[in-house]
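Model the placement of chain U on the given structure of chain B, informed by the hints.
Residue numbers (this note's numbering), protein chains in the order written: chain B, 1 to 561; chain U, 1001 to 1216.
Derived from the structure by calculation, the hints contain no laboratory data. One thing to keep in mind: the hints can contain errors.
To be verified - Here are the simulated DMTMM-like cross-link-like pairs (lysine to aspartate or glutamate), alpha carbons at most 25 Å apart as the crow flies:
1. B:K425 <-> U:D1053
2. B:K108 <-> B:E45
3. B:K498 <-> B:D488
4. B:K425 <-> U:D1040
5. B:K429 <-> U:D1137
6. B:K432 <-> B:D506
7. B:K432 <-> U:D1040
8. B:K498 <-> B:E389
9. B:K162 <-> U:D1066
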Amino acid sequence: MIAPQYISLFGLLTLCALLSGCGGDVAPSDNREEGGTVVIALAAEPATLLPPLVGSDFEQAVSEVVYDRLADIGPALNTVGDAGFTPRLASSWQWAADSMSIAFTVHKDARWHDGTGVTSTDVQRSFVLYTDPRAESRNAQLLANIDSVSTPDAQTATFWFKRRSPQQFYDAVHHLFVMPAHLLIDVDLTQLATVPLARAPVGTGRFAFVGWTSGQRIELRSDTSNYRGRAMLDRVYFVPTPDFGAATVKLFTGEADFFSPLNRESLEQATRTPSVRVWTYPALRYLHLAFNLRDPANRARLHPVLGDVAVRRALSMATNRERIVRTVYDSIGSVAIGPAPRVFLPDDSLLRLIPYDVDGARALLDSAGWVVSSRDSVRSRDGVRLRFEILVPSVSVNRDRMAVLLQDQLRVIGAEVILQRLEPKALVKRTKNGQFDAWMGGWMTSPGLVGLRQVWSTRAIGGEGDNTGGYSSSTFDANVDTVLTAFDAILARRALTKAMQTIIDDAPAIWLVEEVSPVGMSARIDPGVLPATGWWHGLPGWRIPSALRNDRDRAGLGTAR
Amino acid sequence: MTGPHRTRLSSTIGRLLQAVLVVWAASTATFVLLRAAPGDPYTTSLDGFSVPDSTRALWRAQRGLDQPLPTQYVLWLRNTARGDLGYSTMFKRPVRDVMHDVLPRTLLLMLLALATSMFCGMAIGAWQGTRAGSTGDRWISTLSMIAYSLPEFWLALLMLQIFVQWLGWFPATGIVAAMHDLMSPGEQLLDRLRHLALPWFTLSLVGTALFARFQR
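If we strip away everything but chain B, and leave its shape as in the complex, we get (with noise of 0.2 Å):
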């Protein structure tokens, strides 16, 4: 006799059965160029889609895919002028005679995913967006040398500049992307995030948004009459997680066919796992140790231990770099030369790099007075300890390891290091205002070497600027604005070498590394090459081989049931 609960389970089952049958599609084969579906694993959810509005990676991640700028940036990277960019919504440009204004013409056959024909006014409402105030973008700055976008026709959208500078076309297209205006009519500017675009993009990408089921998924599919043609994939699906470790799951369970940025310790399962293969491409990112050489109870003197390049430059030749990089990050991470990744360094064999020479670093401090006394392992000079403490942001697990090794490595020569771990925006409070004496810094680049002078030179100290140590070099500055100015290459890149020779020999901070970003992705998938602007940036171009398909591919463009 069977229990009626083992019956009622049954039935449940049988029931299930049934349904799971009904309206089941049985997968076509599919043998066509295009196809194939990628699911996308966030770490985090986006909390906006506008690109204005956009921060962090996962948010452009999307919001990137969907809309378009006037052009691309080339894998060069070149900034200058406009060589090596490739029109995108702007089928062609025009240089005034004068190099102060340049006219885009929209491409005459680009159309909104909603169907309206893009035109000028969709450049020019879009600038606005992203310049004024009320809005909250944090990339206004980014566009501070773009004067206004004018409209002489319905196609030509024109920009004028306040000053001509070599990288006022990259300013122009890099950091804009097209918005259509005749969705943002009359909206409030302090309740940008809140239009309904924010979370319904319409965009011209080759990638036109679908849905988004908040915390589930977010869902592209391709733009199959799109002006720049179809995209390769069919659809994208972005999925939130929790957190990194669920992304991870979900990456080699095969939930997902993609996740983005791996850790030393998932990239040690992905090489494990058969189903995912590890790619990886520049982050554009380095992290350094960075002196307060201002002395933090009075800025108008030098700090009473940092303010001496002999100290700054002993506690360099102390530091062995390669062991921290190989002991934090491994194979994803690679020595820093300086205040930019080497991707922006044409040549970085003419730099002299501070060498790892511990008796060399003793010596330094001897002579220039710091000495142990037969009382104290701490080297002093003039009643002066050589004791400093170092900020650590609580949330980064790799600077709090560096931190570690770097007191250890730094002990060996006689200088003491507190560690103090603080929550992210203590932290800034603390930097901004100059009270500390070292902090474990980093610096997200975008194509450029605008960040020089945004974070090392002398108009960046204090008030709005981002050289909180209070590093100040003419030298410095004077070859820094040669390379943001100059017209001419070959002129900048001397410049640039002079720079960073100049910066690395004061040694205002220690340069430790240079991220690399790996990414976990199915083996399925041909990505070609993944841009160093981001690797959202090639999705368009994915390929799926027809041999390779999975079920999930051969769903085709097909709509919700």
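Relative to the frame of chain B, chain U by itself:
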């Protein structure tokens, strides 16, 4: 109104007032503690381009963060009383919309887990009660004691490790699969059950142990 009814009514009103007081105290403490922490939503980020201080000041003014703390508190209290829970700078949406998205799923899971816990717990407890002192009773008491003592988050991690990571039977997160909309109705039902199974089972296990002990 008779005596017992009046007593019950005044007791209910008293409890409601206490609940309001607790909610007010907890939310006020949260409000104060959040503002006592360094920085605010518009403090600069750790790495990357800074926004001018003047622009940050404008943003703070737009959200009322430039007002004195008592003024902010009164505004917040007034808006909350009207059902306006404010704007989340993290989600870049009104808080009400964020809750609107997550609340139905939370309620579905909690109600399922509660109903299962009550049903199974009472059944098990009643069964134990009719066989008090038997070997089966002692075994179930021990097992329910263990289940009751397990922290739910730990049990959830264990379940994830076994059933997701090692066996791959269930999905790691989410309430439906990415391609849920393309499935047949039957597949959709199974898909939803697969996603519900682990959290439902984990929450129900602890709840069942609790109800079983009380029932017995």
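List of violated hint numbers, smallest to largest: Violated: hints 2, 5, 8 and 9.
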